[in-house]
Amino acid sequence: MHAINYENPTTVDHAVKLMAAHGEKARALSGGSDLIIQMRAGVRRPAYVVDLKNIPELRKISFSLQHGLRLGAAVPAIELHENADMRRYYPGLTEAAHLIGSLQIQSRASVGGNLCNGSPAADTIPALIAVGAKCRVVGPKGERIVAVEDFCTAPGRTVLQPDELLVEFQIPGPAPHSSDAYQRFIPRNEMDIAVVGVGAAITLDLADDRCTAARIALAAVGPTPIFAKEASATLIGKKLDAATIEKAAQAAIAASSPIDDMRGTAEFRRHIVGVLTKRVVTVAAERARVSSSR
Amino acid sequence: MAASTNGKTFKVIGTRPIRHDGLEKVTGRAKYGADYSLPDMLHGKMLRSPYAHARIKSIKIDKALALPGVKAIITGADLPTLPDEMATGGEGPVNLAHLSENLLARDKVLYDGHAVAAVAATNAHIAEEAVRLIEVDYEVLPPVMTVEDAMKPGAAILNPKLRNKEEGDKETNIASHLQFKRGEVDEGFKSADYVIEREFKTAMVHQGYIEPHNGVAIFGSDGHSTIWCSTQGSFAVRALSAAVAGVPESNIKVVPAEIGGGFGGKLTVYLEPIALFLSKKTGKPVKMIMSRGDVLKATGPTSGSTIRCKIGCTKDGKLVAAKIWMAYEAGAYPGSPVGAGAMTIIAPYNIPHMIIDAYDVLVNRPKTAAYRAPGATNAAMASETIIDELADKCGIDPIQFRLLNAAQEGTAQTAGPPYKKIGYVETLEALKNSPHYKSKLEGPNRGRGIATGFWFNIGMNSSAIVHLNGDGTASVVIGSVDVGGTRAAQAMVTAEVLGIRAEDVRPLVADTDSIGYNDVTGGSRTAVTTGAAVFAAAEDAVRQLKERAAKLWEKKPEEIAYADGVLTTAGDPSKKLTIKEMAKQFARTGGPITGRGSVNLRTVGPSFAATCVDVEVDPDTAKVKILRATCVQDVGKALHPSYVEGQMQGGTAQGIGWALNEEYVYDDRGNLRNFGLLDYRMPTCLDLPELETVIVEVPAPGHPIGSRGVGEVSIVSPPAAVANAIAHATGIRMVVLPMSPPRLMKAMHNKRNGTETQAAAAGR
Amino acid sequence: MAKKTVVETTLNGETVEFLCEPRECLLEVLRDELELTGSKEGCLTGDCGACTVIVDGRSACSCLMLAVEAQGKKIETIEGLAGPNGLHVLQQKFLEHAALQCGICTPGFLMSAKALLDRNPSPTEPEIRYALAGNLCRCTGYDKIVRAVTDAAKTLASGARAA
Amino acid sequence: MAIVVVPALLRKLTNGAERVTVAGRNVGQVIDDLERQFPGFRDQLLQGVELKPSIAVSIDGEMGTGGLLDRVKETSEVFFIPAIGGGR
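Residue numbers (the working numbering), protein chains in the order written: chain S, 20 to 313; chain Y, 59 to 822; chain Z, 1076 to 1238; chain F, 1298 to 1385.
A hint or two may mislead.
[Stated by the list, open to error] With a Cα cut of at most 30 Å, we get these calculated DSS-like pairs of lysine-lysine: (1) Z/K1148 - Y/K89; (2) F/K1309 - Y/K248; (3) Y/K219 - F/K1349; (4) Y/K809 - S/K297; (5) Y/K368 - Y/K478; (6) Y/K121 - Z/K1079; (7) Y/K498 - Z/K1149; (8) Y/K478 - F/K1349; (9) Y/K381 - S/K297; (10) S/K72 - Z/K1229; (11) Z/K1229 - Y/K683; (12) S/K36 - Z/K1148; (13) Z/K1078 - S/K44; (14) Y/K228 - F/K1349; (15) Z/K1229 - S/K44; (16) Z/K1078 - S/K72; (17) Y/K342 - Z/K1079; (18) Y/K381 - F/K1370; (19) Z/K1078 - Y/K342; (20) Z/K1229 - S/K79; (21) Y/K121 - S/K44; (22) Z/K1149 - Z/K1079; (23) S/K36 - Z/K1079; (24) S/K44 - Y/K118.
The hints are simulated quantities; they were obtained by calculation from the structure and are not laboratory data.
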């Protein structure tokens, strides 16, 4: 690996100053399971590595029903699964984080890092989009809020400026009778990159058993993760019967633009988008049905 | 459960002692090649070709040499040119010129990852940075990636020196053609009621050992050098390194470190001679460790292949004829295992009429190396799925069908010679009686498949020494590297002969200066052949014990008996000495006792195995779940049953990997896409069920213990067994490895749309 | 080249100080500086688990952690698994069940298994297989490894009850 | 005299004959007699004065290990077959 300098800020301010000072020459480290591999391969060669894991604000999970969830960008994936509120109110996002590599990887990799790495196949991104997560981004000129679906711009690229930091995710509290789910297809049963990933969040009105809100998002079937708006819209106001869910699946397939690569063919991926959309919508709806009405 | 037909009874052999090298391995103290460090040591790294096929126009190293910390850089020009002829080396015949060109390319690079230059620097990071600064000017040539393309007239030629003697001495990529012929095959097919003919394609796959290749070398100014490395053959590393360096073998000592898996892939050299050259150039010890990417790109995988297989049988299930055409990817230099593939593909069967044509074909992929029963697994995928299909057509149980045609003692092998006593029938019977095969498989989208496999096993040379200690214990010194229990097995053989406990024997794997010549740990030869050498060495020690007792008791040696560690003489009960007591008398009866054993085994007993697999196929995603798997294998006589089971389970797991997901994926420019363990998908423990084993023991004739080779044959049948299970679950006969979800899904779609399945399944 | 940094960490219960370059990963420092070569290098991409250590109670790939990140952390490696009273139950069971062949993956498996049993003393077989999924073994097919870990958990549990 | 079973691709040297009778008390003498009867065999089987490393000899079902010196009996059946390495 090339020689690097290691910066270890303990406040957001200091971290932003460092990022601003080093600009293009700096890269944030909030897990390492992508960055260290990329530096070894010579794909990224930052002169400065700014470690964000010792900034308390980036390591916090705070949840309340009224204010929703604030998830620090550098919280290790494993901590989502260990958090009872996460498992109860955001099961889809939690299972997505729990699918990142092995336990050894989950103890290091963070949701923020997973997003900032900008991989179209990242497991947590569709799950974040599904639950309507927003990113709080801080830079020298102050802070801004970016919806997760607007964050990635191309493989490995995001809206983040060289001097900006992703500090936390802001996720609305779960509406009554709402829940989410995430599933991916991989050839093995662990340790693979998603061939296709689908996340969905569903809100139901149990009175007339209709879907009042829905968000479906896709991974690994385009240059960036995809918020499948039309697919989501096909569910809203409808009873979630097989025919309706099939429509959503078809719309999701239409929203995807996969390619052939070593992980799967475009033809196979389109097919799997349909299969997983049906499975994920069904699971999320079932969870929503049994979730508390508060 | 051991269905033993062995007449002999043993006290130690067949028991399950704790392995002697276990403690060091569970505490992290065992020293593998990468764990050796020497004072003032340099670190070496390779520059590798980014092109699959190119001519090297120039190499500029000045910038790299200028980097602080860089001590030396070598290229192919620094290596002596070697004769373009075959010599005997690690995994059998080796062409020394090709070996040397594979270590460092000369005028041409022949695959993505082909080594071009090597750097030695004060640490590995600096060496890596220096590699980035070497400038190579390439003239890119068209890559030839498949045997089909390579065999086409007008194909780009990898090696202009290679001539096709069969077709008017033209340039060719066909390195060799073998043919095996018996009877009149066309006549044979006339008597067949059912004939199945299919074309199969199997992917190039890697041995996948977890430990990357490594080596530490120090070149002595007195000409005497030492190499520490993880290898399956310390004497092979010595011979090949000496040949490449142009020095006498005796000038190099190879110290075999613990080895982190080999499966055939560590029989030859990739780094060792280069580390030696860098050490010579710098006067310092040099350590080299491959990255995982280098391991996958540039060490020997085994061949992908195309096999056209046509087999016919009568209504009542008698096989009558087989016509087989097979072409294996050799990689960049000749030497695929297509010969072994040809000699194993119908080895389990007695087929009166057959013809097999086998081609070894150069392609712009890494030079293939041996991999666990080399060539046999590709071949069995073709023959064992067709046999299964024929059994279905005849409406005969697949085990029964195989019993009807089973090779037995006296049956002619593919190459002609008759089998001696073999255990194929016993293996099939044991599978028939296994809990797995007797169980019922229920539920939708599920299927069961069986398949069988054959491997020769090899003998060759081994040496061993047994030292008796003053306290009546012993140590056994071998030169066969221990890849997975050899020391325990050889200590048990020693203990058996000496009539003492396995725990009272210390086994040691010695370096090449400290023990007589040993061929590689490969070909499933170690337990059998080194076992025979150890057996002989221990018997030599017993002979000397008897002489010493005879001396003490004023008897003739032939009047002394030795059993269970006690010396006695007939008709004089007062005369009785345990080995412990005798050991105290060594000094006054002629000094310490050392037994020696050396063998060059002729025929060793071949092995047969059978696999039974239950699968469930997800109808929506075509993902295959392995529900249950059983391996049945004839091992002759199991020395340490736990490690025999381990070999059977390991081969089964690797075979399931071949079946479902493992493959080299190259793009159209000939670059390997999946050069990491994330995308070269070996099974994790979530991908496998409990692996059941049934040990069959049909003693090998002519072996002191009756052992047959154990290590290889278990990998041969699983892919075909999985394919047969998928066929019974889905009605689709897959003819491609791996049977990955995209391929199986395509075949399932085509079946639903009524389009012909084979072409779909065959499409890579 | 960046200057070397002093890092203070707790390694197998002992306070340890070492010097390292920022680009060095924890695995390199363990093996090359501290001469603890029990943690193995298999891939340097976090895919094989041969370098698994326990950091603050959780298993981690030491190849994907910069050594400087170890500052103030509690690190456990294979060298610390056996105590003054002998082998850890996991080590003993790996030997009894013949759960290793070449042994290169064994330290990583043992550390993953320890991390599991420390948090979940009586795991189910699926839980064991999930916890070990980040450790590749090419020799055994995992069967005997899973049996060894299952047996170790039983033994620990019965010991706990006895105590 | 001993019988040599001719490898399929070498039967062009024996006008298609699969089994030929040869004189000789070891493998070397057998090859000499083959060459005398059917010129061309030596090139196919020998590299210099030794068997090609890629060729193994089977005599009455036993794999030879003594190269050209392996004994051949009057009643022997001799096969020339490709040598097998091993991978484990």
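- Query: Within a Cα-Cα threshold of 30 Å, do Y/K478 and F/K1349 meet the stated pairing?
  - Reply: 26 Å, holds
- Sort out whether Y/K89 lies within 30 Å of Z/K1148, counting only the CA atoms. The given pair, whose Cα atoms are some 27 Å apart, holds under the 30 Å limit.
- For the pair we were handed, Y/K381 and S/K297, check the Cα-Cα distance against 30 Å. With a Cα-Cα distance of about 48 Å, the restraint between Y/K381 and S/K297 is violated, given a limit of 30 Å.
- Query: Within 30 Å, alpha carbon to alpha carbon, are Y/K219 and F/K1349?
  - Reply: 19 Å, holds
- Task: Below or equal to 30 Å on CA atoms is what counts here, so check S/K36 against Z/K1148.
- Result: Holds, at roughly 26 Å.
- Task: With a cut-off of 30 Å on the C-alpha distance, tell me whether Y/K121 and Z/K1079 pass.
- Result: 25 Å, holds
- Message: With the threshold set at 30 Å, check whether the alpha-carbon distance from F/K1309 to Y/K248 stays at or below it.
- Response: 26 Å, holds
- Message: Holds or violated: Y/K381 and F/K1370, Cα atoms, limit 30 Å.
- Response: Violated, at about 34 Å.
- Are the Cα atoms of Z/K1229 and Y/K683 separated by 30 Å or less? 28 Å, holds
- Query: Is the Cα-Cα distance between S/K36 and Z/K1079 30 Å or less?
  - Reply: The given pair, whose Cα atoms are some 23 Å apart, holds under the 30 Å limit.
- Message: Please verify whether Z/K1229 and S/K79 have alpha carbons no more than 30 Å apart.
- Response: Violated, at roughly 36 Å.
- Z/K1078 paired with Y/K342 [C-alpha distance capped at 30 Å]: Satisfied, since the Cα-Cα distance of roughly 26 Å is no more than 30 Å.
In summary, the numbered hints that this structure violates are 7, 9, 10, 15, 18 and 20.
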